Each structure stands twice: as C-alpha cells, then as structure tokens.
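Q: Sequence:
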Amino acid sequence: MGVDRRFLGIHVSPAAVQSEGLQQVLDRIQAAGAVAIGTGTTVFQPAAPGEGRREPPIDIDGTSRILDRPLWGKRETWLRGYRSYASGESLYADTRYRPGGGLGQGGDLAPGGDLAPAGVDRDLPHRILEEAHRRGMRAYLALSPLSVPGLRPEDQPHYVDGSLPNPALRVAGQGCPNQPDVRAYAVALVRDAVRAFPEADGIYLDWLEYTVYRLEDHFACFCPHCARRAEEAGYAWGRMVADTRAAWDALHALGPGDLARAERLGRAPWELARLLRDYPGCVDLWRFKADTVVGAYEEIRRAMDAEGAAAMELGANGWAPPWSLSSGMAYGRLGRACASVRPKLYTFHWSTLPRWYGETLTAWNPGLPEGPLLDALVSVMGVPDDLAPRTFDRYHIPAPDEPHPARPEAWGEKIGQVVDEVAGRTRCYAYAHAYRPAAQWREMVRTVRESRADGMWVQRYGYMSNEKLDILAKEW
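Its first residue numbered 0, the sequence shown is counted upward by one per residue in numbering that gives the first Met the number 0.
Note that these hints are calculated values from the structure, not bench results.
Please read these numbers as outputs of a predicted model, since none were measured by experiment.
For every residue, glycine included, the Cβ atom is placed at its ideal position computed from N, Cα and C.
Honestly, I wouldn't trust all of these hints.
What the hints assert, rightly or not - DMTMM-like mimics (lysine to aspartate or glutamate), calculated; alpha carbons at most 25 Å apart, straight line: (1) Lys73 x Asp58; (2) Lys473 x Glu19; (3) Lys473 x Asp26.
Unchecked claim - For each label pair, taking beta carbons as the anchor points, the in silico distance ranges come out as: (4) Ser89 x Pro365: 52 to 60 Å; (5) Gly118 x Glu230: 49 to 57 Å; (6) Thr390 x Gly149: 35 to 43 Å; (7) Pro407 x Ala472: 36 to 44 Å; (8) Trp363 x Gly415: 31 to 39 Å; (9) Pro69 x Gln22: 16 to 24 Å; (10) Ala167 x Arg448: 37 to 45 Å; (11) Ala232 x Pro371: 33 to 41 Å.
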C-alpha cells in the first residue's frame, strides 16, 4: 500500500469556520502543512449559558478545559447545534430512532431542535468540503453513529451485574451496537450522510466501539441482544457471564497483594497468563466485542458501496491500546472495511483515567491504599509518568497550560502497537489531540513524526493557537 508518511490532516468544526471565516481558517490550516481536513455536518448558534451544550465538552469533570481559539469571542461558551440537511426518512424505517436537532452527549445531534433556522448557513459543511477541494486538499466528514439521539436507558450497554451506566458519567452516550434499533440507526446515519455529501472523500467514524471511560465499562455488554448474537456465533455465553462476573467480584475484594501483582503485569508474563487461564470467558468477551465492532464496520462499508460510494473512504477512530482490547477496536481486522485507522492520542483523558478507575475501585474496596492502587493502574494502562507521590488529586483533565503526565515514550509505544497490529493491511494515522501546552505539543508532533505511523491527524483546530499551528508547520 503506497502511503505518504508526511500526510497531515486537521479536523475543524463548522463552529470555528462560522466564528473565524472559511478562508481564514483554511489559510491557517494549509499554512501549517495540512493536506486534508475533516469536518462535521452540524451547524451552530451561540446559546445562553446552560442551553445547548458547553464548548468544549466537560467530559464528566473537565471543567478547566477551554479552547485555544475563541468561538464568537469566548474560549468557553455554549452552543446550540442544528442539522444542516434534511434526513432521508425512508432510511430509518428499521429503527425507532431518528436524527434530531440540538446538542446531546458526545456532541451529536439530539432531540429538541430541527434543521438550521434562517440566519444559520445550512450549506456551510458543503462549502467547507468544496473549498478544501478547490485548494487541492482532501476533505472528510466525521460521524458518531452510536451516539443515538434520545437513547433509551435499556438500549445502553448492560453491565454484568445487571446495572446500567450512570448518565452523569457518560462521555459519548453510545448505544449497544448489537441492539437492533441502535445498529440500524448507525447504518442509516452513514447512508444518510453519504447521500447528502457525495463530494466527501471519506467518512471517519468515532465511538463506533464499546466505551471504556469508566472501569465498569469493561464489564459490558450483557444485554439480551449481545447474548443472542454471541450464542449464534458459537460463543459459550454462560462461561462469558460466569467468568466476567467472577472478575467483577474479584475487583470488589482487592487487597494490597492484588495491587502488587497488577503492577507486575507488564514485566511478569506469568501473571498475565494466570489471569487468562483463570478467566477465559473474559477473553471470549473481548473477542466477541471485536467481532461486533468489526462486523459493524463491514456492514457500514457494504451499505456505502450499495449507495454508490465505493470510492468514498471509511475510517475508524478508536481507543489506543490497551483500552482497545476491551473496546472491541480490533485494528488488525479492519482492513477489509477501512482505508485507515486513527488510534487516539487523547492524553488529557489518559491524565484522568487512573483516578476515574481508582475511585471506582476504592468505592468497591474501602481502605485500599491510594498510592499502590495508582501505581498498578498506571502500569496496566501503560502510561508511565513522573508524578510522586501518586495521589488522586494529581490525575485530572489538565488545565490548558498544564502538562499531561504520561511521558512521550507512552505515546510512541501506543502508535507502534497499532502499526504492528494492522501490519500494513490498512493505513495507520496517529490521531493527536492538540489540547496541551505548546511545549508539549512540540513533543507530540516530534514523537509522531519519528514514529512508524503513516501520518497524523490533529483533533482539532479549536485547540490550536497560532503558536501551535506554527510549531506544527516547523516540526512536521
């Protein structure tokens, strides 16, 4: 597969274009060296505080996160989102769900709004794609097909103990990809976008995997639809339930010795082998989730082909290892459906995951020592840092000028792991998040540049000050 390892793409929200102007935004993106842009299909209006959704998203408790580039003069604001095109109603005949208006969890469209009103440019996404093409750039759309508007609680992933996710602790609000209405909606949404934007060079799908922001998420999904699909595929569902529940119960009864063993996992293969021996049903759960995610991508690829869009690329955004094992993002199996994959280097999330997971474990195991627990979690996640001592209050979504704890070696290792997994069957672009201090952004660009990735995508223009754009132009 011929690739340009200098490939650089930048994602830009239509909101940034509405705020700064199309020509000005694309001038800056091109000057940074980008040869491709990605954008969304939603258009926006400023809203009063508390209406619509905060921009940037809080992501559970990231209230300190703000934009580098102001929207309508504000680095923290509220926006109301609207559909930019009328949906094809017949496409949604097999699902109870429909695209709506307004902003919901994950930034996708949710009920309560409509098509963009007068004064909001419905044609803007088309004009962004058109102008990028005029400049000789490739232009892509981003969709989140499992972030379903008005999702019913019972259509979420189910935990092994029968409970459902807490809505206040959800980042993307995905539905279960094996729930028939959710799956049909996801396919219909992509078909709808393909019809509405035939000029796009490709579509990248985000959150088309199982979520793993919370520790509990690793113990999903055990809904009736997953049970039926797993049994039809020949999995021993009873063993999957029993072993996953046993692992869940074991994590409710941890002691210091367990933390020491977990901290040794990375350098003690026998500890990992013992876990695989003792909980084979958990491995089956990972395999089943991978089957589900890969199957969803392949179904969407077939639907795009049926719409006459065989030349339109399909791409996958996903969690980096090791989280991808549990999210179902089997990068090495996506080559038949996807022209490229983009493992996320979203280190602002990595900065808080040890605390999010650790708080759950201390709630389950009162008195568990905080320092050794964080040592174990940092080791298992593969995000080495120099924090000492390790305490929960040091693991949070960083402020704009606060360095992210995970060392650059972790960024490079995770890129390399996905490159090895895909083994040339599809392109692998590092998906680098620009929310970080400028000095650390320089380190990120250099790390990706020196990696074996086929190029880099940047999420997103709104987090790129002029200084960061200049760094990108000089370092890439």
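Q: Of all the hints numbered above, which does this structure not satisfy? Sort the numbers upward.
A: 7
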